[in-house]
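**Q** Put together the whole structure using the sequences plus the hints.
2 protein chains.
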Amino acid sequence: MDRAIDFWFDFSSPYSYIAGEWIDALAARHARRVRWHAFLLGVTFQAAQLKAPVDHPLKREYSLRDFARSARFEGLPYRMPPVFPIPTQNAARIFWWLHETRGEEAAHGWGQAGLRAVFTRGIVPSEAAALRALATEQGLDADECERVWNDPQWKARLKQANDQAIAAGVFGAPFVVVDGEPFWGNDRKPQIARWLASGPF
Amino acid sequence: MDRAIDFWFDFSSPYSYIAGEWIDALAARHARRVRWHAFLLGVTFQAAQLKAPVDHPLKREYSLRDFARSARFEGLPYRMPPVFPIPTQNAARIFWWLHETRGEEAAHGWGQAGLRAVFTRGIVPSEAAALRALATEQGLDADECERVWNDPQWKARLKQANDQAIAAGVFGAPFVVVDGEPFWGNDRKPQIARWLASGPF
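Chains as they are written, first to last, in numbering that gives the first Met the number 0: chain A, 0 to 200; chain B, 0 to 200.
One thing to keep in mind: the hints can contain errors.
For identical chains, the list gives no copy identity; a pair is met inside one copy or between any two copies.
[As the list claims (entries may be wrong)] The calculated lysine-lysine pairs, modelled on DSS-like cross-linking and capped at a C-alpha distance of 30 Å, are:
(1) K158 x K188
(2) K50 x K158
(3) K50 x K154
(4) K188 x K50
No lab work stands behind these hints, which were simulated from the structure alone.
**A** Laid out in structure tokens, this is it:
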């Protein structure tokens, strides 16, 4: 059996940022590795006929409060970015470009750095200048990254990831799959921890 | 400050059944009491422009799996009722009638018995015969209960509860309010536990 854990995230997802801070360490305690997958929540929302939590009356106010509180609960810094939700296709195309050309670890580093930039420093990766600056900071070439996010090859690679997400049943983020078992949301941490520690329940 | 905890539930909510099995004991450990409030999820869904999780592609399959798994995680028996979602206005009107005529404890007992009947025995409280049988089993007079659920007075009392739910920001169930702080979902148990143990975080 494939023991790797799949971690589906969107760069605009607060709960993905939070879960991204514990998933690797939790997996490592059980001798598992984590495969990160960037995808576009908007695409899976459409497939599932959903809207973002902040696009609903009542749920919007609750969600904004819960994002920050859930981060504090995990002892994490948190800041709401000035634009939200954020279009994240460019950041996600860079993720898949790194994944295919430099390997999983490079893509993972970009994924985590991107989530932290958005939710601790208010960086908006849909703004070209901000995304170029983030790329430079991460040791990448900003011009090359801009070519990547405009390149049909990497647009197609992201589209493939979105299709795979839907095929895997993903309708929200973070979405974690362990031994074929799906767990949606940062708040499934206790269930994931038990599954890893003692198997199916 | 009002130290009582508000617990909003719908008789058709699997996560309300699960949370209903731990909320009272958790509160008691912190010398708090719980005020149960029956309401209609459908009404707050409309206010928040939401649909039930099972009414969405992808999310439906996940939710049916997660309901049962989340019950097992808490060590609880679980059974999906043959009709779902279930119209629950009649059960909720009996709740408020008990609340106003026999007090909070009687209403609480009915609430918990109803949730257990639905999610461990597959009883469908929108069926008059099933609801009458449940009432009898709970020591109530079935004819009186049927009069209650058809009585404009108790219809109005439930409507009042629904209005109060929306005013309190409720858009899903269970919805728990502690010291004015809102917590949505059975999966906020760890946050509620920390809040009760050590205050705001």
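**Q** Taking the hints in turn, state whether each one holds.
**A** To see whether the hints hold, each was checked on the structure:
In the homo-oligomer, the alpha carbons of K158 and K188 lie at most 30 Å apart inside one protomer (28 Å), although the nearest pairing across protomers, at 37 Å, exceeds that limit. In this homomeric assembly, K50 and K158 come within 30 Å of each other (Cα to Cα) both inside a single copy, at 20 Å, and across copies, at 27 Å. Within a single copy, K50 and K154 get their C-alpha atoms as close as 23 Å, which meets the 30 Å cut-off; across copies the closest is 32 Å, which misses it. When the C-alpha separation of K188 and K50 is checked against a cutoff of 30 Å, the pair qualifies both within a copy, at 24 Å, and between copies, at 25 Å.
Checked against the numbered hints given earlier, the structure satisfies every one of them.
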